[in-house]
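Once you've looked at the hints, dock chain Z against the given chain F.
Top line first, the protein sequences correspond to chains F and Z.
End of the first sequence = 584 in this note's numbering, gap-free, step of one.
End of the second sequence = 584 in this note's numbering, gap-free, step of one.
One or more hints might be untrue.
A pair holds if it fits inside one copy or across any two, identical chains being indistinguishable in the list.
Computed list of lysine to aspartate or glutamate pairs in DMTMM-like fashion (alpha-carbon distance at most 25 angstroms, straight line) [stated by the list, open to error]:
hint : residue 1 : residue 2
1    : Lys464    : Glu439
2    : Lys559    : Glu522
3    : Lys559    : Asp478
4    : Lys464    : Asp444
5    : Lys583    : Glu561
6    : Lys464    : Glu507
7    : Lys583    : Glu552
8    : Lys464    : Glu568
9    : Lys464    : Glu443
10   : Lys583    : Glu568
11   : Lys583    : Asp444
12   : Lys583    : Glu522
13   : Lys583    : Glu461
14   : Lys464    : Glu552
15   : Lys559    : Glu461
Don't read these hints as lab results, they were simulated from the structure.
Remember, it's a predicted structure, so these values are computed and weren't measured experimentally.
Protein chains: 2
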Amino acid sequence: MTTELHLEDLMVGQLFTSGSHAVTVEAIKAFARQFDPQPFHLDEAAAAQSFFGGLAASGWHTAAITMKLLVESGMRLAGGLIGAGGELTWPQATRPGDVLTVVSEVLAVTPSRSRPERGFVTVKCETRNQRGEAVQVMTSRMLVWRRKS
Amino acid sequence: MTTELHLEDLMVGQLFTSGSHAVTVEAIKAFARQFDPQPFHLDEAAAAQSFFGGLAASGWHTAAITMKLLVESGMRLAGGLIGAGGELTWPQATRPGDVLTVVSEVLAVTPSRSRPERGFVTVKCETRNQRGEAVQVMTSRMLVWRRKS
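Looking at chain F on its own, in the form it has when it is part of the complex (with noise of 0.2 angstroms):
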C-alpha cells in the first residue's frame, strides 16, 4: 500500500506510471451504445467509411479508462483524485486491441492563498497506447491537502 501524497510531498517533475488496460472492441460498443452513439464507435463497415477509417473508441471512452487507471494506479492523492477540471486534446484515436498506460507528471504545486489545508496540483497525465503513442493528453488541476501538522 502506496502512501497516500500531500501537498507537501509534491514537486514539479514527479512523475507516476499507472498500470495498463488493454480495450476491447465490446467495451468500445458498449460505451458507445450508453455515451456516445455515432456509428463510428458502434460498426465495423460504418467507421470503415468514416473519418477515423476503422472502428475507434468514443474520446470519453479513453477519457474514463484514462480516469479509472489514474485512479486505481496512478498518483495516490489523500483524500483521492479530485479534479476542477483541465484541457484534453485526442490526438488519436483508440482502437480495439489497445492497452492503455498512463504517464503523470507534476506540472505545477500552488497552496491556496485563501485556505490553508489545500492547495492545487497541475499534472499532464498522457496516455498511452502499446506502441507508446498519445491517443490522450490531458493537463488537470488537482485539489490537494496539506498534511496535518
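Same frame as chain F, but now just chain Z:
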C-alpha cells in the same frame, strides 16, 4: 429529422439546446464502479464525510452524459461530432436526481487552410442542472465538413 450542418451553415452566436437526461443514484454508482471507483462516487456514507458532502457523480460521467445529449439532440453536424479536444471545468458536482441539459454556443468557425473540404467549429457547451446551474463548461474544437459544391 433536422438537416445536417456543414461549415457554411454555422455562425458565431448560434445556440443549440439539447434534450434532458435524469441522473440516478444507480447510474452514478455504475459509472463509478467501472471508471472512477472512489468512495464519494460509490457510497453515500463515505461521500457525506468527503469534500463533496454527499454522493456526487464522477466528472467523467457528467462529460459522458453531455456527449450523449449532444449526439442525440445537440448541434447536428454532417459526418458526426468529432472532437479534437478542448477545455473543461466542473463548477459543481452532478448529484443524484439532477436533470441535465446542454446549451451549446458557436464561438468560432474556422475553415482549414490546408484542407479546403473541412474546417473547425469552436463550441462552448454548458451542461446545466434543473436549477440552471452549470455542472460542466466545455469549450471544444470539432471537425466540420464543407458542403460539397
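Status of each hint after checking the structure:
For the homomeric pair Lys464 and Glu439, the shortest alpha-carbon distance between copies (24 angstroms) is at most 25 angstroms, but the shortest distance inside one copy (35 angstroms) is not. Proximity of Lys559 and Glu522 under a CA criterion of 25 angstroms is satisfied in both settings, with 9 angstroms inside one chain copy and 13 angstroms between copies. In the homo-oligomer, the alpha carbons of Lys559 and Asp478 never lie at most 25 angstroms apart, since the shortest distance is 32 angstroms inside one protomer and 29 angstroms across protomers. In this assembly of identical chains, the alpha carbons of Lys464 and Asp444 never lie at most 25 angstroms apart, being 40 angstroms within a copy and 31 angstroms across copies at closest.
Proximity of Lys583 to Glu561 under the C-alpha cut-off of 25 angstroms is found in neither arrangement, the shortest distances being 31 angstroms within a copy and 37 angstroms between copies. Taking identical chains as interchangeable, the C-alpha atoms of Lys464 and Glu507 lie at most 25 angstroms apart whether they share a chain (23 angstroms) or sit on different chains (16 angstroms). Proximity of Lys583 and Glu552 under a CA criterion of 25 angstroms is satisfied intra-copy only: 8 angstroms inside one chain copy versus 58 angstroms between copies. In the homo-oligomer, the alpha carbons of Lys464 and Glu568 lie at most 25 angstroms apart inside one protomer (22 angstroms), although the nearest pairing across protomers, at 32 angstroms, exceeds that limit.
In this assembly of identical chains, Lys464 and Glu443 lie within 25 angstroms of each other by CA distance neither inside one copy nor across copies; the values are 42 angstroms within and 32 angstroms between. For the homomeric pair Lys583 and Glu568, neither the shortest alpha-carbon distance inside one copy (40 angstroms) nor that between copies (34 angstroms) is at most 25 angstroms. Taking CA atoms no more than 25 angstroms apart as the test, Lys583 paired with Asp444 passes inside one copy only; the shortest distance there is 13 angstroms, against 56 angstroms between copies. Taking the shortest alpha-carbon separations for Lys583 and Glu522, neither the intra-copy value of 31 angstroms nor the inter-copy value of 33 angstroms comes in at or below 25 angstroms.
In the homo-oligomer, the alpha carbons of Lys583 and Glu461 never lie at most 25 angstroms apart, since the shortest distance is 45 angstroms inside one protomer and 35 angstroms across protomers. With identical chains, the CA atoms of Lys464 and Glu552 are never at most 25 angstroms apart, being 43 angstroms at best within one copy and 29 angstroms at best between copies. In this assembly of identical chains, Lys559 and Glu461 lie within 25 angstroms of each other by CA distance neither inside one copy nor across copies; the values are 29 angstroms within and 31 angstroms between.
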